[in-house]
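Number of protein chains: 2
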Amino acid sequence: MGKSIAIVGSGLVGTVLAIALKQQGHQVFVYEKGDDIRTLDFSGRSINLALSARGWKMLNRVGLEEKIRQFGIPMYQRAIHHLTKEEKQPYGIHGEAIWAVSRGGLNKKLVEWAEEVGVEFVFNTPIWSVDSKRGILYMSEQEQQEWRAITHDVIFGADGAYSKVRSSLQRRSRFEYQQSYLPIAYKELVIPAKKEGGFAINENSFHIWPRKDFMLIALPNMDGSFTCTLFMPYTGEVSFDSIKTDTEVTAFFDTYFPDALQLMPDLVELYAANPVNSLVTTTCFPWVYKDKVALIGDAAHAVVPFYGQGLNAGLEDVNVLLDCLAAHPQDWEGALDDYQHARKVNADAIAELSYRNFREMSELTANPMFLLRKKIESAFAKKYPDLWLPLYDRVTFSEGSYQEALAIGDQQAQIMDVIMAMAAIEEKWDSPEIEEKIKQLINENRGF
Amino acid sequence: MGKSIAIVGSGLVGTVLAIALKQQGHQVFVYEKGDDIRTLDFSGRSINLALSARGWKMLNRVGLEEKIRQFGIPMYQRAIHHLTKEEKQPYGIHGEAIWAVSRGGLNKKLVEWAEEVGVEFVFNTPIWSVDSKRGILYMSEQEQQEWRAITHDVIFGADGAYSKVRSSLQRRSRFEYQQSYLPIAYKELVIPAKKEGGFAINENSFHIWPRKDFMLIALPNMDGSFTCTLFMPYTGEVSFDSIKTDTEVTAFFDTYFPDALQLMPDLVELYAANPVNSLVTTTCFPWVYKDKVALIGDAAHAVVPFYGQGLNAGLEDVNVLLDCLAAHPQDWEGALDDYQHARKVNADAIAELSYRNFREMSELTANPMFLLRKKIESAFAKKYPDLWLPLYDRVTFSEGSYQEALAIGDQQAQIMDVIMAMAAIEEKWDSPEIEEKIKQLINENRGF
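The listed protein sequences derive, respectively, from chains D and B.
Okay, so the first sequence: first residue is 4 according to the numbering used here, each after it adds one.
Okay, so the second sequence: first residue is 4 according to the numbering used here, each after it adds one.
Calculated from the structure, these hints are not laboratory results.
Identical copies carry no separate label here, and so any pair may be met within one copy or between two of them.
Simulated pairs of lysine-lysine, DSSO-like, Cα-Cα distance not exceeding 27 Å:
#	residue 1	residue 2
1	Lys36	Lys136
2	Lys111	Lys60
3	Lys190	Lys136
4	Lys136	Lys247
5	Lys247	Lys293
6	Lys190	Lys293
Sequences are here, hints too, so could you generate the full structure?
As structure tokens, this is what we get:
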């Protein structure tokens, strides 16, 4: 017997969840506060997606993997733009790629596909409050108006980092909640396609200009352009506060990103027009109320974007939720409770990994010793795949849990600290001595 | 020129703030979601107040100290009820007292006094949202109804740990917020006055039955009764989950609080009737928006009650706010910004001290070595008041900042750890050797 299910939020996680639940025979209604995304020009505050194993696994489960691969671009490596040279760093030890996909484009398709399978969308309908006990959504165009009440069997909050469904749970006693902002913000920019068509720089790379306290990244789009994101502090010497005028912007890019500047004819216009966006991490618990309400994706765990795992983690939520429902087909309360316990520890782990990765991206990728460290790890992992899977690969290309990835990654880091402290490591990094030393250290750690 | 000021919440901090601002010539309106407290029977979920130096200082500033002393009861000591004996521990090294005051009784008086000086109260008017930029309060009886909008020059959120004014700020970008619950809850109980009148136990003591993971406390009321609070985990072997029936309650008190049980004829009725209340800590920042909105008291910093400083900290907020307004009479934005920076570090410090003090109250006061430690500190402090002010005295009886108290307290704890580890400390605790050792350790710490 199908349930009447409300999903608040028509973003990527909400629509995939809608499709999955509809496929299982439920009635599914998606409430979206804004317009139908298919009518919108979607840009200005999105960081392009990088889909990896966890995301693909869920998309495959609803039968959409192949369709979506059609408009994704595989990125096999980091292209690191130092001031005077460019360097490549492969992502996967076995040639794996992360996939650049347009957030807006994918979202439009997902709404279309969801409608095709019979999901009902209710646009322009903000939810202001949720009565968790009775499963009531309160909605109206403006918060100050009289609210309408609609009841469903189950309500999912897939309404993102600023979730209203979560706000309602937050009023309940014993709801643990934290929201915290980085002192770093971001602004979207563009490298357009070449006049004659085609990509201005290699399209199968994730481009990064690491400058320690700030950085620029670029991900390819199907039309030959790149969506760029500038990450920089709000305040300080080099910051969104200090770089404002067209002259300051041009001088800043000329100093720190001269190669990118050549490729960005609309830089000053876009810099002036696009907003400075904040980077929030939220954690909360519980994620569910009995068999009535559940949070999913960013609504449950918004993370900073530096591991490219925000969407992948949200889609893995959906995957685990479906597993829990399959294990308790007649018991939603038990299923939702299993879901939240299975996911909470992993959400906390990916939040921590994402937070740490800003430093890896912005500072360490500019450091030759860090790049050597990655090269040693990668060489050893290729030769001894049973002994070593690098942290990035475990997070991005494996299905092992984030919690395990964090724990094993910390052990590996300790081992690599010892290795990198060895004399003349630059000369003998691929010697049998190093290999044996790593093996010995793994054994001392009782192996993983 | 007076401002039109809205204060949300007619609790203790809100009413004292209202009186102070009214005295300075502003128009002051207090919006209260519930009934006029003067019409209410106020009980069941309050922990009695313990007013100390910071609270009295502010009450004195608005001319109410003497009036309020009339219905307070000084408590000069902890009366520690071990299972088989009772022990006294003085609070202040110079005989100071903390003052038991009825929360409900004081609040009723404050509303009365505020009305007498011309503060306008608007009862039964919940605020659902605040437009910080424009200084608009949105209100209506029920959240789901059409809201009315009222504009003021300045809006204070004095609406407690679950502040709606704070919820509105929380929607702003870069608002840091955390709410966290203890696994321990509390229930209010009563030791009534003796049949023939008068107090059943010493009224000039703060009574405490420390049992490590749980404890009972009792504070005197003017009518001869004591308001008791049982603190206990939600779940586990001894917990609100496991102790429910009348038989379980009586057996539990008979085992752990036999002397109190004799004084509580209505125990099982009250235990069944009164709610189990949660203990939340909230932290946030910023506390203010320009010259328009400011949080104060629990709305800005709800702490757990184990240092008896919740209200005192809130009244100190008012005091500092008035100082800041006096320093910037024409610049509310500057005054409010100074206020939040002056108070935030101290609010964080008292939150930490309050959190730690559960262990001191529930566990350490039952420990002979801890009581000896306090005795050594106290003796040394009496003899060398310039060298040592114990942490409790600094928090409770001094006007030094909480931040400084926390830092100095940590230094003192290190010194006392060394002292308590000395051989045969039980025998020689008041010897010149110990005194000299403390002096030497203070010197090594460069003195404080």
